[in-house]
Amino acid sequence: MLEIKNISFSYNNEPTLQNLSYAVAKGQNLAIIGESGCGKSTLLKLLYGIYDLDKGQISYDGKIILGPKYNLIPGENYVKYLAQDFDLMPYITVAENVGKFLSNANKKKKQDRINELLEMVEMETFANVKAQFLSGGQMQRVAIARVLALEPELLLLDEPFSHIDNFRRNSLSRKLFAYLTEKEITCVFATHDSNDVLAFADAVMIIKDGKMVQAGNPRLVFENPVNRYAASLFGDVNEIPSQLLQANLKQKSVQLVYPFQLKVTDQSKLKVTVRQSFFRGDHYLIEAVYEQGLLYFTHPNNLPKNALVYLEYVPNI
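Numbering-wise (our numbering), the sequence shown opens with residue 481 and increments by one.
Hints in this document: simulated from the structure, not taken from any laboratory. Don't take each hint at face value.
Calculated lysine-lysine pairs in the DSSO-like style (CA-CA distance at most 27 angstroms, straight line) [stated by the list, open to error]: (1) K610 with K588; (2) K655 with K588; (3) K691 with K525; (4) K655 with K506; (5) K655 with K525; (6) K785 with K751; (7) K663 with K543; (8) K688 with K525; (9) K732 with K743; (10) K749 with K785; (11) K535 with K485; (12) K587 with K610; (13) K610 with K580; (14) K691 with K543; (15) K590 with K655.
Work out the full structure: start from the sequences and follow the hints.
Below, the structure is given as structure tokens:
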């Protein structure tokens, strides 16, 4: 189990992370999400042991992860960290990069391992190409293969698919997280992509200004965000007076509503005027205005500009 106990860290006396605590069971995936600069990458570096904590403790299976005050070379053998710079050797081949830290005692076993990993990241045809000739996305795929070569117990990934084209990243993310589950590798990954969080994470931690805003099961967090910031990390979100959404409600309050939770109806308290329609493949995202301001809702068809429609709140669409 990975245990993060009340940790805090500062850069040049400026608080970067404050009083974070969480525990991740062996073989589970924890997603770290939040706006740029919130502390996601710093947390991964602390988990790897690159920095010393101001206070608190990080441990894995009871073994404390220590920083540079205690370890001249950061990291433990059972922990691997993939940063956003990839750190590949440019003048050796893709296969040599992946097998760099594998034992040469059994060359066939080593080659089989390299082939297995390159196939997983769909880079087998580039095995003999030097890394300097790869695109950014190809480098990232090779870096993922290399960091998995020694089968770490704890894997730390910083935006692992940020340079990879959408048509390939979907396949790669499915293969990667299936592999981690099969091998029972604990993974902590920082991401901006809510699709990865909802599809592959067992738990999510939301960070803002170095503090944990919300954490737990991704679906429960998605369905019950504590504030607009938490909800907005999963996509567009509206703040709508509850009186416009619920009949006979007199108490004034504001409700967080995702666009897919609003449905066109014949009559309701929520009357809006369409401003724009955005095609999203299987639906349209409609931008509209009402007495309180701007809101968004989804609809199966395009709606004409300036059309007047009524909306109802359907929380479990």
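Hints versus structure:
| no. | hint | result |
| --- | --- | --- |
| 1 | K610 with K588 | holds (21 angstroms) |
| 2 | K655 with K588 | holds (24 angstroms) |
| 3 | K691 with K525 | holds (16 angstroms) |
| 4 | K655 with K506 | holds (19 angstroms) |
| 5 | K655 with K525 | holds (25 angstroms) |
| 6 | K785 with K751 | holds (15 angstroms) |
| 7 | K663 with K543 | holds (21 angstroms) |
| 8 | K688 with K525 | holds (17 angstroms) |
| 9 | K732 with K743 | holds (22 angstroms) |
| 10 | K749 with K785 | holds (21 angstroms) |
| 11 | K535 with K485 | holds (9 angstroms) |
| 12 | K587 with K610 | holds (20 angstroms) |
| 13 | K610 with K580 | holds (13 angstroms) |
| 14 | K691 with K543 | holds (25 angstroms) |
| 15 | K590 with K655 | holds (21 angstroms) |
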